[in-house]
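**Student:** Just so you know, the sequences run in chain order A and B.
Counted from 1, the first sequence has number 110 at position 110 by my numbering; the numbering is strictly sequential.
Counted from 1, the second sequence has number 176 at position 176 by my numbering; the numbering is strictly sequential.
By construction, these hints were calculated from the structure, which means they are not laboratory data.
Wrong hints could be hidden among the right ones.
Said to hold, decoys possible - Non-contacting residues of chain A with respect to chain B, defined by C-beta distances greater than 10 Å in every case (computed): (1) Leu-32; (2) Arg-85; (3) Pro-106; (4) Ile-129; (5) Ile-147.
What the hints assert, rightly or not - Which stretches of chain B does chain A cover? Using the computed rule of at least three CB atoms under 8 Å from a CB of chain A, they are: (6) 34–46; (7) 237–251.
Heads up, the beta-carbon is just placed ideally off N, CA and C, and yes, glycines get one too.
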Amino acid sequence: MLDTATVDRASTFAPTWSGVIRHLHITPRAFLPMRSMPELNLVAGKGIEGDRYMIGREEGYYSSKPEEGRQVTLFEIETLIALKRDAGIDLGPEEHRRNVTTEGAPLTHLVGKQFWLGQVLLEATRLSIPCRHIEEVTGKSIFDPLINRSGLNCKILKGGTIRVGDAVRNA
Amino acid sequence: MAGLPVRGIKTVVEAIEDGGPGIKVYTLCDPDRWELPPFKPGAHIDIYLPGGLVRTYSLCNDPADDKRYVVAVKREADGRGGSIAFHDGVKAGDTLVVSLPRGGLRIDGAHHVTFVAGGIGVTPFLSAADYLARRGGDFTLHIIARGEPPLAAMLAPHRASGHAIIHDTRVSARPTLDALIDTAPQSAMLACCGPLDMLDAFERATQGWPAERVHVERFVAPALPIDPEARPFQLVLARSQREIEVRLGQSMLDALLKAGIDIPASCCGGICGACRIDWLEGTPVHRDRVLSPAERARSLMACVAGSAEERLVVDL
Numbered sequence: 001m002l003d004t005a006t007v008d009r010a011s012t013f014a015p016t017w018s019g020v021i022r023h024l025h026i027t028p029r030a031f032l033p034m035r036s037m038p039e040l041n042l043v044a045g046k047g048i049e050g051d052r053y054m055i056g057r058e059e060g061y062y063s064s065k066p067e068e069g070r071q072v073t074l075f076e077i078e079t080l081i082a083l084k085r086d087a088g089i090d091l092g093p094e095e096h097r098r099n100v101t102t103e104g105a106p107l108t109h110l111v112g113k114q115f116w117l118g119q120v121l122l123e124a125t126r127l128s129i130p131c132r133h134i135e136e137v138t139g140k141s142i143f144d145p146l147i148n149r150s151g152l153n154c155k156i157l158k159g160g161t162i163r164v165g166d167a168v169r170n171a
Numbered sequence: 001m002a003g004l005p006v007r008g009i010k011t012v013v014e015a016i017e018d019g020g021p022g023i024k025v026y027t028l029c030d031p032d033r034w035e036l037p038p039f040k041p042g043a044h045i046d047i048y049l050p051g052g053l054v055r056t057y058s059l060c061n062d063p064a065d066d067k068r069y070v071v072a073v074k075r076e077a078d079g080r081g082g083s084i085a086f087h088d089g090v091k092a093g094d095t096l097v098v099s100l101p102r103g104g105l106r107i108d109g110a111h112h113v114t115f116v117a118g119g120i121g122v123t124p125f126l127s128a129a130d131y132l133a134r135r136g137g138d139f140t141l142h143i144i145a146r147g148e149p150p151l152a153a154m155l156a157p158h159r160a161s162g163h164a165i166i167h168d169t170r171v172s173a174r175p176t177l178d179a180l181i182d183t184a185p186q187s188a189m190l191a192c193c194g195p196l197d198m199l200d201a202f203e204r205a206t207q208g209w210p211a212e213r214v215h216v217e218r219f220v221a222p223a224l225p226i227d228p229e230a231r232p233f234q235l236v237l238a239r240s241q242r243e244i245e246v247r248l249g250q251s252m253l254d255a256l257l258k259a260g261i262d263i264p265a266s267c268c269g270g271i272c273g274a275c276r277i278d279w280l281e282g283t284p285v286h287r288d289r290v291l292s293p294a295e296r297a298r299s300l301m302a303c304v305a306g307s308a309e310e311r312l313v314v315d316l
């Protein structure tokens, strides 16, 4: 069992890393293909302009189950590389159905923490979990290989425009 | 803004056009003209019609046309009601929810495809004809019809190129399927869609062909992959004193939702824990990866659990 000191130390430890935004995607409604975008406008406390989970105009597959941390979702490009390497599955950044594909950012370590996405400040609320819905949409058997590395759900503390190529860094 | 769960793709009816005798052609689009989920040549969608009917229709447009789903519906006065609900109840501008496209013809790599269609049975082959024509594929589309062929406008470019041949049984004798198949190269893929007697005749006529190069379009929903150990069972809801059937290939969660019982669910794959319910009697078959052995002694995950016995009692 982890002792309190370990947990406290880990919660304050700021690992050295720097990431970058590789891809941005949105879709206005459940089931529709994700569209690649050069930039996205993130609204604090609401979501992404034009995306299906923007609070106030939800049309996402999970919109009937409201969740504050679904304002923006992130996914590691390293997982796509691992899927190909370890399972022979080609999954593109437009297929994982998260909004932001990052490289170099340890997303699974960021739950409960704040970090910057370009000029936008996020707080990670929980790890995403895979769902059968994504298998239905993509036609690919990716549920099992995505367990524990299916992305990160975040709420937007400070809004703004993010662009492909922007840095991802600790707050 | 919590609403009802999203069950399908929201589309609007952009246009309704005449498709020939008794046939209407419906063009469905996303409300913002966003790209629609992709489909394969010969694929079909379920459409949720006014009055609660769900019907399956072939997509008639080229799969490269990624912003439209085009379906052709022939009014069948003696049918099960779907075509009448469509013709009489659906207007331009209406919203229709449809499923993800399913199925399709395996025509990639075929040296030649010979399609045989009876009347409105041409619909699954139109998207395939457009697809093959665009890619320079070799094919012949035979349409056997009495009088004016269905969907003449969609067929026109394929008739002009010599790929589509209309056999009008008012002006000439109905060709035998043997005769049509005899014109196909030995390496051809053969596909047929039409009335049941035509499909049966086609199956007889193609008995000598390799099965992987024969496709019969029967408009029957594809079978769900079924756990060989799974059995249908009665689910008894102890508190509400109801009993519902969980069919072979159906999840307990789906049966509960269809019975109007609102069970929270999310991943539908047995890991998120959202659809956990308690069971009271029987022998659940646990297939989740979230409950501990101790938790399984009283709970199950409705999205993946089955029953080893004919009856399972749950605390709902």
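**Student:** Which of the numbered hints above does this structure break?
**Tutor:** 1, 4, 5 and 7
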